[in-house]
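Undergrad: Read top to bottom, the protein sequences are chains A and B.
So the first sequence is numbered by our numbering: it starts at 1 and just counts up by one.
So the second sequence is numbered by our numbering: it starts at 1 and just counts up by one.
By construction, these hints were calculated from the structure, which means they are not laboratory data.
Here are the simulated lysine-lysine pairs, BS3-like style, with alpha carbons at most 30 Å apart:
| id | chain 1 | residue 1 | chain 2 | residue 2 |
| --- | --- | --- | --- | --- |
| 1 | B | K109 | B | K88 |
| 2 | A | K132 | B | K109 |
| 3 | A | K122 | B | K27 |
| 4 | A | K132 | B | K4 |
| 5 | B | K37 | B | K91 |
| 6 | B | K174 | A | K122 |
| 7 | B | K196 | B | K174 |
| 8 | B | K4 | A | K122 |
| 9 | B | K174 | B | K27 |
| 10 | B | K199 | B | K174 |
| 11 | B | K4 | B | K91 |
| 12 | B | K91 | B | K109 |
| 13 | B | K88 | B | K4 |
| 14 | B | K88 | B | K196 |
| 15 | B | K4 | B | K109 |
| 16 | A | K132 | B | K37 |
| 17 | B | K27 | B | K4 |
| 18 | B | K88 | B | K199 |
| 19 | B | K91 | A | K132 |
| 20 | B | K37 | A | K122 |
| 21 | B | K199 | B | K91 |
Small disclaimer: the values here were computed from a predicted structure and weren't measured.
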Amino acid sequence: MGTDALEVLSAGRRLTTTRTPGYENDELWISAADLEQATGWTLKPEGLCRDEVCAAVAPVDRERLVDGEVVCASGLWKILGRAVLHDESRSVWMLGESASDRSRNLESLEAPDFTLPDVTGKLHSLSDFRGKKVFLATWASW
Amino acid sequence: MWQKLYEELCDQNFMIITVAMDSRGTKSAGGPIRRSKATYTSLIDEDHLVADLYNMVNVPQAVWIDEAGRIVRPAEVPGAALTFNLAKLRKLRAIYLDAIRDWARNGEKSEHVFSPGEARAHLPEFTDDIALAHANFHLGRHLWEHGDRVEAMRFLRTATELSPESWNFFRQMKNLQNILGSGGPEFIGRVRRASKAGKEYYALPDMPAMTQLAK
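Turn these sequences into a full structure, and let the hints guide you.
TA: Written as structure tokens, this is what we have:
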């Protein structure tokens with residue numbers, strides 16, 4: 001992997017992109033469009049939003065963490081109480097979910113959707129089966 | 001494992017989705033899936049995303065989701081037990097399969113469908129440590145495949161420490177190291193510690209007939 005290459009992981013998503021020139025490497029500065037693609041969260045005037053949920057970003061933080069079309073994703077994640085991890089070379093970043101977001105999703109009892117491959121690589125989503133009763137069961141080969 | 005049940009119930013507006021928590025992907029889960037000749041949906045989850053979304057800690061675990069996409073039974077152990085008592089195991093499994101049949105045929109009228117309040121009361125708490133553990137596991141899994149394995153192992157190990165109740169993290173980590181994750185002193189020690197803390201390796205599902213079985 002070249003020194004400018006970046007991988008941004010989040011639950012159920014993965015984005016390969018490049019470093020934004022002119023920003024320090026100790027934080028994750030990427031375009032707002034990349035952030036949305038990598039995490040599903042969009043920066044809007046009311047905060048960082050996904051579906052109908054918005055997490056407020058204070059003006060002072062916005063000043064510090066948003067630079068036009070470029071955002072400090074790691075900084076935004078930290079102020080929202082979400083895990084930010086990276087490898088030693090800071091070329092692979094993981095933007096985690098907060099326990100409160102996960103809890104709120106489950107408390108709504110709306111089954112969280114996911115998209116995963118079958119053995120041939122074909123993707124299937126839980127929501128493809130809306131209208132049927134679904135018995136969802138895990139197993140493992142180990 | 002679920003094929004017979006699926007054939008019996010597939011005309012009841014009912015689907016089974018199995019998800020393999022297998023970080024080695026088709027390399028490890030592909031064989032069993034092909035051999036099962038399953039006609040239901042069999043998926044592979046290298047990052048253990050479903051365990052993250054549904055707050056699961058072990059396999060097998062199951063969730064019941066109704067026609068409107070609502071959880072009517074949160075994650076539970078679908079008729080498995082850590083026991084050498086085969087008669088008890090068969091009984092347990094029969095009770096659970098009967099409950100699924102009842103739900104498939106009777107839908108929301110089934111006595112096994114929780115009310116929203118009951119369903120919420122059965123959700124295990126999603127703690128900050130669990131959320132952080134999933135992030136560590138996810139990054140560790142990725143680095144194991146695409147990066148430095150020594151570094152990867154640090155994140156995987158951290159996941160098992162942050163979420164000591166997750167058998168998935170522990171056993172998957174051991175599997176990636178080519179060590180059998182179940183059995184052995186470390187595993188048995190963990191099972192005992194969890195049991196003392198009131199977290200059974202395989203807790204019984206909350207169903208009337210199960211409670212009688214436990215007596």
